[in-house]
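Chemist: Given next are the chains, with one letter for each unit.
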Amino acid sequence: ASPSSLQGSELHGWRPPVDCVRANELCAAESNCSSRYRTLRQCLAGRDRNTMLANKECQAALEVLQESPLYDCRCKRGMKKELQCLQIYWSIHLGLTEGEEFYEASPYEPITSRLSDIFRLASIFSGTGADPAMSVKSNHCLDAAKACNLNENCKRLRSAYISTCNREVSNFERCNRRKCHKALRQFFDRVPSEYTYRMLFCSCRDQACAERRRQTILPICSYEDKEKPNCLELRNMCRADHLCRSRLADFHANCRASYQTMTSCPSDNYQACLGSYAGMIGFDMTPNYVDSNPTSIVVSPWCSCRGSGNMEEECEKFLKDFTENPCLRNAIQAFGNGTDVNVSPKNPLFHATQPPRMEKTPSLPDDLNDSTSLGTSVITTCTSIQEQGLKLNKSKELSMCFTELTTNIIPGSNFVGSPDSVD
Amino acid sequence: LYFSRDTYSEKLYVDEPAGTPLLYVHALQDTRGEVPHFHLGQHLYSTYRSQSHKNDWFQINEDTGLLYLNQSLDQRALEKLSARNGGFPLRTIYLQVFLSPKPFQEHECHWPSCAKVMLFIINATMPACSSLKPREFCFLETGLSFRIKENKPPGTFHQFRLLPVQHLCPNISISYQFHRDEDLPFHSDKDTMEVSMKHSLDREQKEKYELIAKCTVRDGLREEDVMAPFPVTVYDEDDSPPSFPTGINTASAIVEYKRKEGTVLAVLQVFDADVVPSSGEIQRKYTHTMLTSDPWVTEFFRVEHYPNETSYTSNGSRVRAMMHVYKLVLNRSLPITESRSFQLEVLVNDTDFQGPRGALLLYFNVSILPVSIRFPNNTYYFSVNRNAHRYAQIGKVCIENCKEFHGVNVTYRLQSPSTNCTALGIITTPESTTGTLFVNDSSVLQRSECTEMQYTVVASDRQSKKQAKTLLIISIEGNYFPEEEGCPISCAVNKKRLECEECGGLGSLMGTCQWTFGDGKGISKNFSTCTPSLKTCPDGNCDAVESRDLHICPQDCIRGEIIGGHERGEWKGIKAGYGVCNCFPEEKKCFCEPDDDKEPLCDEVCR
Amino acid sequence: ARVRHQPCGLRELEVSVSELGLGYVSDETILFRYCSGTCEAAARIYDLGLRRLRQRRRVRKEKIRARPCCRPLAYEEEVSFLDSRNRYHTVSELSAKECGCV
Amino acid sequence: ARVRHQPCGLRELEVSVSELGLGYVSDETILFRYCSGTCEAAARIYDLGLRRLRQRRRVRKEKIRARPCCRPLAYEEEVSFLDSRNRYHTVSELSAKECGCV
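Chains as they are written, first to last, in the numbering used here: chain A, 927 to 1349; chain B, 4 to 610; chain C, 62 to 163; chain D, 62 to 163.
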């Protein structure tokens, strides 16, 4: 959740960020700032960054810039000059953190919309959900494809990436992956998430549905390859490209499992996590379902930890952020079940009615008994978006999927994951 | 010196008093006699390194590695820190601890000489002792994980006690031990609660210890055990020389028919018990050189190196290692006249391994056999029907072992003693090194005076100019029947069996097209269609003759539109079709549709 | 050549105006151009699909055409003639100028 | 309007891919748009003349069309779907985008 949703008192004298393109313009218009920014870029471009950063001029430039909007500037997913914005962001932040950090700050502004917003939009726009009686048994991913096919924009962009990714290039080259990735990026950038999430995160009861879900991004072209690279090498390849680096940082920022929150998601915002997961599709780090097992949701980039040498631990930690990430899994399940978390600091106390299974938080040792873990139970007050009764005709009673969340507060700490605290 | 962990963590409640001990960091020796000194970074960070603040609250004992609160962290301090956290209340603070004597750079904190400390801020006062659960006395939620370099001196690498809790509740009795600690290389001291190594470790013996730590909490009469994983990863160094897994260091490489660039001639394997360097750098560190001064050898041969991670079982657990595969490969296609034998030595060098036996020699015994171009038969006999249309494929000729040849460019051509009765042509199919005989002038076949044709077939290797010849006798059979008017040039146009078999088309052997029945199973490879010859069309291969003219077999050669249920061939043609597939070569278009027009399609309003 | 496979194209015929049966009585002869031939090759998957839906009664009680037509794509502007009562008439778009499958 | 006199125009129908009878087996639902309706008002004098010549056997053994057709003037580029064997197919020009009498 972004600062805008915070109450005044909690802003802590914080300055709302401008986007980096705007911040760059502001800095360029101000001689002191523009000269310091030029100096800093020279400092950071120099051969031995550390000695350069230790010299007076570079320090002075850094101090000035830390007070300028450039320092806290962010970018927006899908904004007009997104790449330029990201290039400016990384030109500053890449220099300040020497070497590879495991987790990098996301250059994107925090996502404020929530899954419940998507469910609401989906129920207005799609208008072609399955009949409720039928939908309990129906294939939600098939319904999602139908909803897309019946929407002109979604159908056109879906067909664009499918025909691109499905086109054989030669006997040795299964397809043109670069074009396929570009078409996939356009699909996920330009089609509203009410449609794209339904195809990507639909919940499944049988193998056929799960295989359709796995096939959504045409993995044979966009994902699989002859060999699996080492995950740390794949990360390096991704971080060599500003867009991919930004999407990966965003994924970590929004999906990194945290034991300090209720949903295991950093800011208890499933939409933020799903949005950043979808944001990686069409890049080197494209993730996908690893199999068509309807019940266990395991997603992963196309890489392994073979050949890690002494970095196997770090490699496995990187991979587990995908394959064993309770935040990501909860978010996908939540979307599939049409549930969202509604945690607002004003009324921390909720009461439980009917607890479904909630994934354990990440780093708790297996033998941890429940008494100390965050006992959280989530109730759904309506069925999932796939099960919503969306009749074709105009009169749609808006069945919102809102969830009451009960929380057993940890004794001794008012440790109610306030939705706005970023871990 | 190196830290035994890359990240330490502890809980920090607001308003904990100055002086509260937080945790111990531990360093292990790279070489005996090293003495660690710990330094705290001047800055502390919120979630990301870019959001830093001056460190006024924490201090570390340079010698013991004890991290403690230098100044209490109160509400006001917490808000000041949050201001740089994008306006969000702060949940985690990161400190950096450096090891000297190595000079440290504040901007760079990476294991082994720097470790991060994560302090989880709990915006509440320290809970009362009685309210804490047994687990909270024993372990943190973030879990433990240790790194110990192999072959290094043993030392103390952990201290179990949770210092803040012990500081708060001194009279709670807590003890730690390893669950089932028989013959473990680690010792857990009951009093100091420190964990140390009994001896240095050898990764090639065991690289992962999945221990379980047991903590016993006694509070009056009550006693409770809490378990937690205690994983130790042994870090590798290049201490194993390369070796031959099966003792074999020699392979023979025989070159006969397969003389094409890229052909793999022989393979040898080298085993290395180490897994460093990682796959990203292994190609640079593991070098191989062909020990030859003959430029011809380096022109025609190359060695390819494929490092693959493998593993073996030792002491009941999996240990990773590397298997290096070396392939001797043809770097250029070899002429058929080339013939020689020699031994090629290849030096493989593990440049990372400090020791005498870091390099090995591979031996490839190469023998190149000459191959000749010759026809197995002196004379070939074929027959052709008088009604055959142009491009009808009469038969194939090929030199001995033609199917075996790779990388040899053989072409075929016809020579004819007489000029009047000559109707045939020949086309070379490069991949299979065969020559296909086809009707090139069908009008000759219609002349009754022509009853037989004689040719000499000449096969020649383009590179060496070597040639082979054989005699070809073609008998012309059957009577000529002029075709009905208005027949399309291409058999493929016809959509029904009747109209198919009443006409001929380019490539038809007997002067009439042939109808092939599909299996009627949806989009299938066996689709119904009208073809000039069932033998060659459709067969999913747009062969050398068919590719001369799209009218011959558009089913195999079409690149344009295919309308209706279908699957496209690899490059061209219809791989599978629904119902009947018919084509219009002029429009470069094919249709696949069931031919079940039982019901006349009324243009008017259907009831 | 077999009628069956003649592709759609422009044909022409010398006819008297009276033969056109438009009600004008005139012995003048004009060149009447028209479109004829098969449009088999011009079919699209649209036609295949529409045919199938028609056969399965998913499309009913509607006037549809599930096959391309060989029709004029352009017409000649006009032609004039003197009728048997010595009065001139001008008729537009009587002849096709260009044909195609639509 | 009564079916017989509905003017030529674009209609749409939700169909499953399998129903199109093209051989693809897929439960995906797509929007199939087609042209239907009458073109009576679009006839030209050309049609009248051609019909008369046909009746008088001046035009014989030819495939001719002496009435305008209600046909697509433009088609939708492509639609893609996943079949029951989890393979994607893309079909071009399946649906009409614009109709007219030709």
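I should point out that these hints are in silico values taken from the structure, not numbers from a laboratory.
These numbers were taken from a predicted model, which means no experiment stands behind them.
There could be a bad hint or two in this list.
Residues of chain D clear of chain B, computed beta-carbon distances all greater than 12 Å [claimed, not checked]:
#1 D88
#2 D108
#3 R117
#4 D144
#5 R146
#6 E154
#7 K158
#8 E159
A few chain D residues that face chain B, going by a derived Cβ cut-off under 8 Å, partial list only [as the list claims (entries may be wrong)]:
#9 P68
#10 L71
#11 L83
#12 Y149
The beta-carbon is built from N, C-alpha and C at its ideal position, and this holds for glycine as well.
Chemist: Taking each numbered hint in turn, which are not upheld by the structure, reported in ascending numerical order?
Modeler: Of the numbered hints given earlier, those the structure breaks are 4, 5, 6, 9, 10 and 12, listed in rising order.
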